[in-house]
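Undergrad: Chains as they are written, first to last, in the working numbering: chain A, 1 to 284; chain B, 1 to 262.
Be aware that a few hints might be false.
Said to hold, decoys possible - Only pairs whose alpha carbons sit at most 20 Å apart, straight line, appear in this in silico EDC-like list of lysine to aspartate or glutamate:
hint	chain 1	residue 1	chain 2	residue 2
1	B	Lys62	A	Glu238
2	B	Lys124	A	Glu90
3	B	Lys225	B	Glu175
4	A	Lys148	B	Glu175
Just so you know, these hints were derived from the structure itself, not from any lab.
The model shown is predicted, which means the values in this text are computed figures rather than measured ones.
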Amino acid sequence: MTTIKTLKEAIALYVKPGMTVALEGFTHLIPNAAGLEIIRQGIKNLTLVRMTPDLIYDQMIGMGCADRMIFSWGGNPGVGSLHRFRDAYENATPHKLTIEEHDHAAMANAYTAGAAGLPLAVFDGYNGTSYADHNANIRSITCPFTGKELTAIPALRPDVGIIHAQRADRDGNVWLDGISGVQKETVLASTHTIVTVEEIVDHVSEDQGGCVIPNWVIDAVCETPYGAFPSYASGYYERNNSFYMQWDEISRDYDRFLHWMQTFVLETKDFSEYLEKLREAKYV
Amino acid sequence: MSSLNFNLQEMMTVAASRMLAADDVCFVGIGLPSAAANLARLTHAENIKLIYESGTLDTKPKTLPLSIGDGELSDTALSVISVPEMFRYWLQGGKIRTGFLGAAQVDRFANINTTVIGPYDAPKVRLPGAGGAPLIASHCQRVLITLRHSKRAFVEQLDFITSVGFYEGGNSREELGLRGQGPVMVITDLGILEPDPISRELVLTHLHPGVSVEQVITATGWPLKIDADLKTTPAPTAEELYLLRELNARTQEAYAPDGLST
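With the rest of the complex left out, here is chain A (with noise of 0.2 Å):
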């Protein structure tokens, strides 16, 4: 059952150097809080999924939390490269980072199979393509029903799964609306998993819409306003597309990147303090 926390504890609590780890939201409500606090802790060899890797990961990879990641679009979108994540995997900046590639529809089959307890996803994709070439984990199946041949991928169960929400209750059942990419999948495949919402409130329900994923399978719910940023919560703030451009001047040199980490990362209590810190700077 759902306890509330604050995100300091949930993630001193749930994630341990060495784990698989996926934060996960689709450009919408990107848990950014989340992946910082992570920072903070100094959590070590960890291996991120996420469908697209964008910012948050780009600075855990620059941080040195990551071993190896599972992905299937890394960019800065609308922007360009990520600059720390290809500083890790060209040139093992800060250390080598290996990587497991899948396109989309891979990385959604297989959330969705972690999610319904299977071992593997079945899918028809990847025919022709150059990806089964660089990634072992791609093989074939045939249908016992038509003999037709299929591809079969390995079911994603991560240790810990991370989400932003709009919403949850004192009970912690969580809501969220708009864009909901792979949030739910990633909630119900993963082992343990933390959800940082906007704010707390007495009552959520599908009312107005959204959706509700009840408190049994959520161990622990962060009050964290903003804590998409950059990204964005519908209903709550926009995206920060501006910031978005700032971060590829800021990534590019290493040296710069982590003075600007420690500046207004390592050097701050929490993600309200990060905040608070950026706008001083002029940064949002």
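For chain A, the structure is supplied; the task is to place chain B on it using the hints.
TA: Chain B only, in chain A's frame:
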């Protein structure tokens, strides 16, 4: 070129927009395809259904999205579905007519690379990767591709096939068991290429106004075949240009430096 009242980037977007049917159901890639698909909706295809992989069905954004999941897309969508539903039911399930893709590189059979240039484990350039493109390329009824024309983009040999076009040419796409017609057209800033019906190799069928055949040959990394009946793409109309520039201006304004709203 100075006598023309439009540039080749605009010509590319306009030419690409015209390839969408008035009643098309189009899965839209971010960037150039998104500009063309939205221009189509503002010009001849008012009722076109635009779909983005973030889960937005029949969306009508006023400005071009910077990312594939901008709030503008979900706020103006008929329905917002999960990403697994999008890929499993709508794409794999064969519910999409036209897939509209951009690309970093293509080869003569319209296969696409958006993954890596150079060896996979020691890349010259590590690109973002696939996103949803492979299943869009393999499961839509037809595919349109749009990208800028250059020797770095139109290459003899891809280092990685991210999304399959006509694979090794001839019937090899069908033999792989892929659905649909595959890429019916590649629209660039210099002209339009279409697959030969038998070999499936891309052939230059249209030149944009003011562009020479030599320019296109120079910007293509393989010996490019030229259609015997090479045509000139009709120049953008005044209305097309006006609506495209308005769309770009609205988009630029929307991206002006923003702050945390409180």
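Undergrad: Looking at the structure, which of the earlier hints fail to hold?
TA: 3
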